[in-house]
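S.K.: Below, each chain spelled out in residue letters.
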Amino acid sequence: MLKRKFKWTAIFIMLIGIAYFGNLFISFIKGDFLNSNWGSDTITIPTDDTAFRNAFFAPSINDSLPYYEYRKIQDSFTRIKADIETENKGRPDGAHFMGFIGFTRLKEYQPKSILNLQRNQNYLLLQLDSLEKRMPGIKNQDSLLSMKKKASDIRGVINRNLPWDYLIGHKTEYFITFRDIRIKENNHFFVQNGNYYLAHAVWDSTRKADGATYRSGHYVRLPLKVRYDKDQEMVLIPASRAVYNFLQTLFTILMLGFFIVGFYILIGLPVSILGSVSNGQVFTLTNIHQLRTIYIFLFILSLLKAGTPLLVHWIISFFTPTVFETPSVFESLYSSIPLLIAGLVVFLISTAFQKGYKLQQEEDFTV
Amino acid sequence: MPIVVNLDVMLAKRKMSLTELSEKVGIAMANLSILKTGKARAIRFSTLDDICRVLDCQPGDILEYMNEKDFKKLMGK
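Residue numbers (this note's numbering), protein chains in the order written: chain A, 6 to 372; chain B, 9 to 85.
Certain hints may be false.
To be verified - Chain A side only, calculated, beta carbon under 7 Å to chain B, not exhaustive:
1. D98
2. F370
3. T371
4. V372
Stated by the list, open to error - Derived pair list, reagent style SDA-like, types lysine to any residue, alpha-carbon separation capped at 25 Å:
5. A:K363 to B:L71
6. B:K80 to A:V287
7. B:K47 to A:V287
8. B:K47 to A:I293
9. B:K44 to A:I293
10. A:K360 to B:N39
I should point out that these hints are in silico values taken from the structure, not numbers from a laboratory. From the three backbone atoms N, C-alpha and C, an ideal C-beta is built for every residue, glycine too.
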């Protein structure tokens, strides 16, 4: 029975090892060779792309203009583009990650024009402050009246020009975040009027020629319930402050517990086993139980590592149409192979300890 | 395993204590106790030889095969 268990475990380890190192070898030899047979994609980009919040806006400036005018227009376009990009990305107000899940806060978008007003406001407030400080020392009524008028004018400018939401502070938006989520190729996320959209590529025709694939299509505007950060490959699911705080506390406790348990099992137990081995107590039931705990934990970890990307994709599919790439099962399994191998090795050691324990018992009870 | 160790019977017959046997045979008391209480899983020929020599008996006087039913009855199971 034990022999059979050993045999099958050895075969299993061998197969996993072959798959792991074989895949490493193939990816090393081939590189991107597998993708080299791709043809090309042609997508019709609308000339008036207001439907996509200027996601594809590539203006041409008349280069016969005088340099300062050309530069002014170019700067203006750059500023608009930067403003749009900032709005699409959001202004981070704090983020932290716990394994596969993260918690991100974004400040409500504040265009540059408002930031300029902020600077102006500070300047005006300083002026006002200085005027009001100087007033009590002035005896000349005309000068005092002139200063009061100036102060009143400054207050008027502040009240007229600054939006109230700026004066009362900006709203914070809360998001539950998942990382390593890739959006499908040729899709562009954008924000418009506080709503989230996707310029989604729809393929009208696909043809194959000389072993390569050529596609042509157009963009459609697709409303989304989630934000997407292309740079960090991150999906941000909006949540209320209460839900955000609840989940953050819950996951902090869970991750802390998991960390403590993991530390105990992966560090504490091996140290304890080594300690008892060095004391001459090798084949004991305690050691066998501790080894069993270690390999079960490693198996659970490898399962979690393999299953998490699929679970996350499943969660996201509730919020959004299938615009994100599904993680491949093989890729998920592949990433968990080192943990699985470690678990199997500990399993074999544990089995050897069980055999050792039996022999030890026989030896101890032989007179 | 329905093999009964009749060491206590032989000791009584020879009017010898376990401590005395332990001293004469040169086996630790703990090991003889394991044998006497039936917890032993195996016995070496050398041990059997020593015990039989000291107690002046045959191995069959010390070890007895019993059928499963009687053995369970004896062990009170």
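S.K.: If a hint holds in the structure, say so; if it doesn't, say that too.
M.R.: Here is how each hint holds up against the structure:
1. Hint on A:D98 is violated. Least Cβ distance to chain B is approximately 70 Å, over the 7 Å limit.
2. For A:F370, the suggested interface contact is upheld, since its CB lies about 4 Å from the closest CB of chain B, less than 7 Å.
3. Annotation: interface hint on A:T371 holds; nearest CB of chain B at approximately 4 Å, less than 7 Å.
4. Taking 7 Å as the C-beta contact cut-off toward chain B, the hint placing A:V372 at the interface holds, the least distance being around 5 Å.
5. Simply put, A:K363 and B:L71 have alpha-carbon atoms about 24 Å apart, close enough for the 25 Å limit, and the pair holds.
6. About 34 Å separates the Cα atoms of B:K80 and A:V287, which puts this hinted pair outside 25 Å; it is violated.
7. Between B:K47 and A:V287 the alpha-carbon distance is near 22 Å, which keeps this suggested pair within the 25 Å criterion.
8. Proposed proximity of B:K47 and A:I293 is supported: the alpha carbons are some 23 Å apart, at most 25 Å.
9. This hinted pair does not check out: B:K44 and A:I293 have alpha carbons roughly 30 Å apart, beyond 25 Å.
10. Annotation: proposed proximity of A:K360 to B:N39 holds, straight-line Cα distance about 23 Å (limit 25 Å).
In summary, the numbered hints that this structure violates are 1, 6, 9.
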